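Chemist: Under the UniProt record's numbering, the residue at position 162 of the sequence shown is numbered 162, and the numbers go up by one with no gaps.
Just so you know, the hints here were simulated from the structure itself, not pulled from any lab data.
Mixed in with the good hints, there may be bad ones.
Label-pair ranges, simulated between beta-carbon atoms [said to hold, decoys possible]:
1. K76 <-> S27: 26 to 36 Å
2. S150 <-> E13: 36 to 46 Å
3. C18 <-> Q227: 43 to 53 Å
4. Q227 <-> S110: 36 to 46 Å
5. Q145 <-> S35: 45 to 55 Å
6. S150 <-> E25: 42 to 52 Å
7. D31 <-> R65: 42 to 52 Å
8. S122 <-> T223: 19 to 29 Å
9. S171 <-> D244: 40 to 50 Å
10. L220 <-> F7: 41 to 51 Å
11. S8 <-> L220: 17 to 27 Å
12. K229 <-> A79: 20 to 30 Å
13. D31 <-> L220: 39 to 49 Å
14. K39 <-> L240: 28 to 38 Å
Values in this document were obtained by computation on a predicted structure and should not be read as measured data.
Positions of the beta carbon are idealized from the N, C-alpha and C atoms, including for glycine.
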Amino acid sequence: MAPAPRFSAEEQERLIICAAIKAIEESSLLDFSMSAIAKLAGLSMGSVYKFVQCKEDVLIALATRMYQERQSVFKKVLALPLTTPERIIATSLLDFSKVQMYNFDNQLESIVNTEAMMKRCSERWLTQMIACGERCQTMFQQFLQNAADSGELTSGSRDIEEINLGTWSLSVGYFQTVRLHQCWHNDLDENIDGINDEENEKNTLVLAADNAHIRTMKRLVNTYDWQQKISDDDIEKVCLHLADAALR
1 MAPAPRFSAE EQERLIICAA IKAIEESSLL DFSMSAIAKL AGLSMGSVYK
51 FVQCKEDVLI ALATRMYQER QSVFKKVLAL PLTTPERIIA TSLLDFSKVQ
101 MYNFDNQLES IVNTEAMMKR CSERWLTQMI ACGERCQTMF QQFLQNAADS
151 GELTSGSRDI EEINLGTWSL SVGYFQTVRL HQCWHNDLDE NIDGINDEEN
201 EKNTLVLAAD NAHIRTMKRL VNTYDWQQKI SDDDIEKVCL HLADAALR
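Build the full structure now, drawing on both the sequences and the hints.
Modeler: Here you go:
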């Protein structure tokens with residue numbers, strides 16, 4: 001009789017994921033190796049390849065867990081006792097260190113959302129990541145539908161798709177480009193001027209109530225037919241609610 005495996009499938013998955021994170025932190029998203037993951041996990045290469053078949057699978061698996069964590073945090077934000085416009089703004093005002101799983105989140109997101117990556121990874125992992133994104137999209141869609149059903153969005157269901165697309169695109173455009181560039185700029189400043197890295201990270205991950213992105217989001221949201229449009233005072237209130245919920 002063959003000896004029982006040292007670890008269950010769930011334990012092996014956890015070991016591989018933790019080892020992958022460490023392997024990437026010790027090298028980079030491009031330079032880590034499958035052998036390094038096996039060594040750090042204390043598993044055979046065969047055990048690793050049963051879980052992930054290539055480096056692309058590793059990155060997609062990590063990204064899926066990153067998106068799952070974001071979804072859980074956004075769910076908390078959407079449950080705050082605020083109006084719907086205020087909760088839309090709140091998703092950009094929360095402290096993004098609360099949704100950060102790895103110190104390479106931004107780079108990982110840029111890499112996995114490419115055609116080349118999706119072509120090279122296993123269908124199993126790609127399906128999981130896509131399903132995670134669809135669940136998040138459905139959550140926001142239902143959130144807006146509830147506002148239409150209650151009469152808070154007085155135009156009804158007519159504008160839901162447009163609101164969802166517009167606010168999502170604005171947020172993605174900001175947090176995947178401007179914020180990422182600011183992070184690079186802060187890293188450069190730190191190397192030149194010795195600026196404190198922790199303070200740079202805080203400045204990057206938490207937006208002020210009067211940040212240009214927040215002002216733009218407010219203007220976009222207020223173009224739609226809400227019973228109560230959002231004001232500067234409302235934005236300050238949102239910040240307080242997020243702080244009370246330990247989300248800012």
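Chemist: Hint by hint, note whether the structure agrees.
Modeler: Now for the hints, and whether the structure bears them out:
no.	hint	verdict
1	K76 <-> S27: 26 to 36 Å	holds (34 Å)
2	S150 <-> E13: 36 to 46 Å	holds (41 Å)
3	C18 <-> Q227: 43 to 53 Å	holds (48 Å)
4	Q227 <-> S110: 36 to 46 Å	holds (39 Å)
5	Q145 <-> S35: 45 to 55 Å	holds (49 Å)
6	S150 <-> E25: 42 to 52 Å	holds (46 Å)
7	D31 <-> R65: 42 to 52 Å	violated (21 Å)
8	S122 <-> T223: 19 to 29 Å	violated (43 Å)
9	S171 <-> D244: 40 to 50 Å	violated (23 Å)
10	L220 <-> F7: 41 to 51 Å	holds (49 Å)
11	S8 <-> L220: 17 to 27 Å	violated (48 Å)
12	K229 <-> A79: 20 to 30 Å	holds (22 Å)
13	D31 <-> L220: 39 to 49 Å	holds (40 Å)
14	K39 <-> L240: 28 to 38 Å	violated (48 Å)
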